[in-house]
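**Student:** Position chains B, C and D relative to chain A; hints supplied.
Number of protein chains: 4
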Amino acid sequence: MIVVMARGATAEEIKDVEKRITDWGYGVHPIYGAERTVIGAVGVPEADKARYMESLEALSCVEQVIGILRPYKFASREFHPEGTVIDVKGVPVGGKQIALMAGPCTVETYAQTLESAEACYAAGARILRGGAYKPSTSPYSFQGHGEDALKMLRDIADSLGMRVITEVMDPRNVELVCRYADILQIGTRNMQNYDLLREVGQVKTPVMVKRGMWAKIEEWLQAAEYVLLGGNPNVMLCERGIRTFETYTRNTMDISAIPAVKELSHLPIVLDPSQGTGRRSLVEAMTRAGVAAGADGLLIEVHPHPDQALKDGAQSLTTEYFGPMIERLKPLVEVCGRTL
Amino acid sequence: MIVVMARGATAEEIKDVEKRITDWGYGVHPIYGAERTVIGAVGVPEADKARYMESLEALSCVEQVIGILRPYKFASREFHPEGTVIDVKGVPVGGKQIALMAGPCTVETYAQTLESAEACYAAGARILRGGAYKPSTSPYSFQGHGEDALKMLRDIADSLGMRVITEVMDPRNVELVCRYADILQIGTRNMQNYDLLREVGQVKTPVMVKRGMWAKIEEWLQAAEYVLLGGNPNVMLCERGIRTFETYTRNTMDISAIPAVKELSHLPIVLDPSQGTGRRSLVEAMTRAGVAAGADGLLIEVHPHPDQALKDGAQSLTTEYFGPMIERLKPLVEVCGRTL
Amino acid sequence: MIVVMARGATAEEIKDVEKRITDWGYGVHPIYGAERTVIGAVGVPEADKARYMESLEALSCVEQVIGILRPYKFASREFHPEGTVIDVKGVPVGGKQIALMAGPCTVETYAQTLESAEACYAAGARILRGGAYKPSTSPYSFQGHGEDALKMLRDIADSLGMRVITEVMDPRNVELVCRYADILQIGTRNMQNYDLLREVGQVKTPVMVKRGMWAKIEEWLQAAEYVLLGGNPNVMLCERGIRTFETYTRNTMDISAIPAVKELSHLPIVLDPSQGTGRRSLVEAMTRAGVAAGADGLLIEVHPHPDQALKDGAQSLTTEYFGPMIERLKPLVEVCGRTL
Amino acid sequence: MIVVMARGATAEEIKDVEKRITDWGYGVHPIYGAERTVIGAVGVPEADKARYMESLEALSCVEQVIGILRPYKFASREFHPEGTVIDVKGVPVGGKQIALMAGPCTVETYAQTLESAEACYAAGARILRGGAYKPSTSPYSFQGHGEDALKMLRDIADSLGMRVITEVMDPRNVELVCRYADILQIGTRNMQNYDLLREVGQVKTPVMVKRGMWAKIEEWLQAAEYVLLGGNPNVMLCERGIRTFETYTRNTMDISAIPAVKELSHLPIVLDPSQGTGRRSLVEAMTRAGVAAGADGLLIEVHPHPDQALKDGAQSLTTEYFGPMIERLKPLVEVCGRTL
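Top to bottom, those sequences are chains A, B, C and D. In terms of my numbering, the first sequence opens at residue 18 and continues consecutively. In terms of my numbering, the second sequence opens at residue 18 and continues consecutively. In terms of my numbering, the third sequence opens at residue 18 and continues consecutively. In terms of my numbering, the fourth sequence opens at residue 18 and continues consecutively.
There's no promise every hint is true.
For lysine-lysine, the following DSSO-like pairs were computed, each having C-alpha atoms within a straight-line distance of at most 30 Å [as the list claims (entries may be wrong)]:
no.: 1; chain 1: B; residue 1: 32; chain 2: C; residue 2: 233
no.: 2; chain 1: D; residue 1: 113; chain 2: D; residue 2: 90
no.: 3; chain 1: A; residue 1: 347; chain 2: C; residue 2: 113
no.: 4; chain 1: C; residue 1: 113; chain 2: A; residue 2: 233
Since the hints were derived computationally from the structure, they do not count as laboratory data.
Extracted from the complex, chain A is given alone in its bound form (with noise of 0.2 Å):
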């Protein structure tokens, strides 16, 4: 890390911040420049990066401490140079083949949910998506029908052979969900909802951590790094857009992220069009863009009538449209030198 003293810092203030580097261990390099002085230290480990950066920030003959070393070591691609391929009970996420995960928003009926599985299922999704807990930005709206809804799903995705994806939002439910599910996600507003994020590093289910609508990049992978540093190797992430000045759109997906992230990370990217836009029309031309991006996965919103949905239907592709919507992809995706 890179200490920039302020200007007009004493002699005696460098070798203040010289000693407490060398006390923690570590080579100290100072240049001394007409106006500033700057102190180079080498060999910080991550661990304590963040505790020794924040340290000596806290001093006032201090001007800023830059970190050189990305802030997270697991989630890394330095770490773990090849891409991941996690294995979803036989479907892979990750790898040369583009995990397509659809569904509805939430599991409103068993009726509903199979329709829509069955859709998806036949334009090629092998993984369901569904809602079961529901975060509402409102407390009159629909919440979900929590366990009953997992239950829904896993005898709908048994019955077609297919995987679950669900979301869990509350530590206290993680061993139950993961009764019943076969990903874990972690939604957006909880991205930096650490004990729900210990919980999920102690358990083996593989986890889809979302980006949070306020997120860098940088702390998207940190959220990714505290379920890999509890112990659970099987992490995907997934960009849903962020929050911008923008209003025509939901959110504004930054499709860069996903390029981005190849290049930082090892971990598998998924994109959810659905909720990164908020408005169905915009949907295909957002998958076919995550598609040539590079991304790992898709994750979309297939409602039988979608008005009739209780949650997010304006986003809701109808089960009509995404079949020949995927096959419109196909070529696409082959160019790509992805499968389907």
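**Tutor:** Relative to the frame of chain A, chains B, C and D by itself:
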């Protein structure tokens, strides 16, 4: 609510929307313009509006649905025209007196916390802040001393006659934290952690809901609504900065949120200039700005030796600085018609 | 437009608003709800709406005024359902063929520009980009060679049979730049420089309006409306990234703006992945994403020796990289039903 | 500046970077860490730094280049430790006295401007604001009366003994506007209109540079640097809100920019709470906050009949409200050690 039909919506589609609205039991008032038809729905209660709006937005013949009333009820000033004063075991938050909450970012040791608390008490603070469970972006940063820290906080506060505010992150810890704390703080990262919000809605201990760094004022008030709806009327808000493109400050403090909340809601609003700026040198100016804008309380990080702090030393004031700063603040408080 | 009266607005105030609207010659349709009165105004033409909305919003008895129709006319797809194809002296922008615009960020020397142009031409580009007047955040950065650069661009483009796109920043230079350029580029910083927009509305040379880094899609289309209203029908748009909190990329590319613009407007839309990402390593992935999402053109920085570039070398592709990248792009273009 | 080499950079690449730096005439201080090499370059003057940093960032063997010193010189407090006081024909901006600038958003008629000006003068304002050239998002909005408005402003201001501040948008109008105005306002949309900045750098009339709604403080100070570098030392800044995701207010006022600018620069800083909030009901609270935070001036929209205003009536105070508001402000000004 106002339903804007898409251009080219057919007479049949317009009828269908009108029928849905009347089936829900509400009045229908269509306006047929040259290019668009707009349908007013009258009598839709708050508790159903979010659901019905989503349901109509899902129709492809609908361009947008506009809510006219605020999407919260118990948090609104219309519901409770008088400003709320929360009684924190004899210390008011809300009303004429500005509540001064101060202490270390994190409880590190008994001695450090005591030294900070004594200085804060001497300066006039009657509520002691201090982190026992710390949310940290990096899993390698210090995460807090947990229950040991809670005990120290309680013990020190009692010895000085202070109240305790501290963060609760995990719904499983709400009962535990209630045993030691007088105000439960919901941190910025957990503003939409609904299981946690529901849990603190079940107790009577006052709750401070910090603004999510990505949250619109309307969403923040809906988070408060979760707690109020759960049955806990003792909710205060805290503005602590939002995330923008500016990098000089850690967050961008939205001072205009103070008068905005005052016109929209009856809940007391506290300002956190330490987290809001992330820079010690800006804390005093922002404290003054907050008081001038009408804040009901201040939450300030004070550390006896910021350069030895384990967390956020760069934004902590020294104990030596804090007392005189509060003295300088008093004339300002007075001309604003408040007391400290 | 829809006028939402404030809670507690008196009968007299409601009458007054209704009278204003009928005095302007429009129809009035009030809806009296339990808590709010809402007044629909029918027949307000685009050209007057902005003014009348502002005027009603100024009344203290009015809570908000909601525009139903888009605040632009000539730029809207409703006005011109077919997508526009602009003829740049025989090279189309819009339509089936994707327009490839490439060249150096800035014209530095004749040799550098020629080397870049030849490589771009060989790869299939028929429109040469290059900066003669450069907007630079720092007054100490290189500001461009001005007319000398324009001459070089023209000369090199003519020798290869290419068209020229270059930025014009100063309304006083529009005539001069028109002498050399085939497309006038309005840079991101000048998207709301109305005197410049009016000036380029007076000529017939095609104009590319880059999105302001702070601009909503609706505001961007209003900027295009300024040019169209001036009488120049040859307007194309360019998405080049917006400003968000993310710092890994220079801007956040809003790929969803491509299909969004396609549904709102008939104007062709070009993508600039070089400015959009600010990182050479992300340009290819974003180029592919843009084509998959439906972009009508690509604007890419190519430099023979980026390490010797005076401006933006970090985001420029090398001439060696560019040709093979376009070859890899061709199958993708084809499966999207386009040509290059 | 600090050059961080990419992981795996070869000895040869490191040598090449060192050679470039020494060829420019600067000192080289390499630090060889376990995972990265970092090279400090000492003695690089401000005027060359931007160029050299860009040039090194373009190398694929370089991960990033970090500037240590601020990218502006004449605007920095280091260059000019005392706060600057600008003499606007006898009315100071900067220093102990807070400059009160008020008047209508736009000059509509002589009578309206006079009525507003008289009320502002009576309340203590000595600088009259009023728009002659109005930047409007919509080409259908009122664009200002141009020179006729300038004449009215001058005439009314002279009759009352006031100074005039008004916006100049077009570099061709700088000379014209200088004939009537005492302060040239650069609007938020033109903060990076460099031809305009250069033009107002050629005159001696004081210039107010409003912050771009997308601009970091550092970029804003570089915009001021353009004017200062041109030879005009009379530059003041104006915080008028930045663009964020919040929609309740028109912009988010960054009050922390006031103390931040004070520590970084010697230039006076004015606050515009009318544009900043877009809501009349928030103007007084934000005015008070700005004074408490240390603003050197206030720029406030006052209209005799906001409901008849052609522009921005929703954020204009009435003349009846303005006088008493300033009276209520005076005790606050006094306890802040300022005068009005």
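**Student:** For each hint given before, does the structure comply? Return the numbers of the non-compliant ones in rising order.
**Tutor:** 1 and 4
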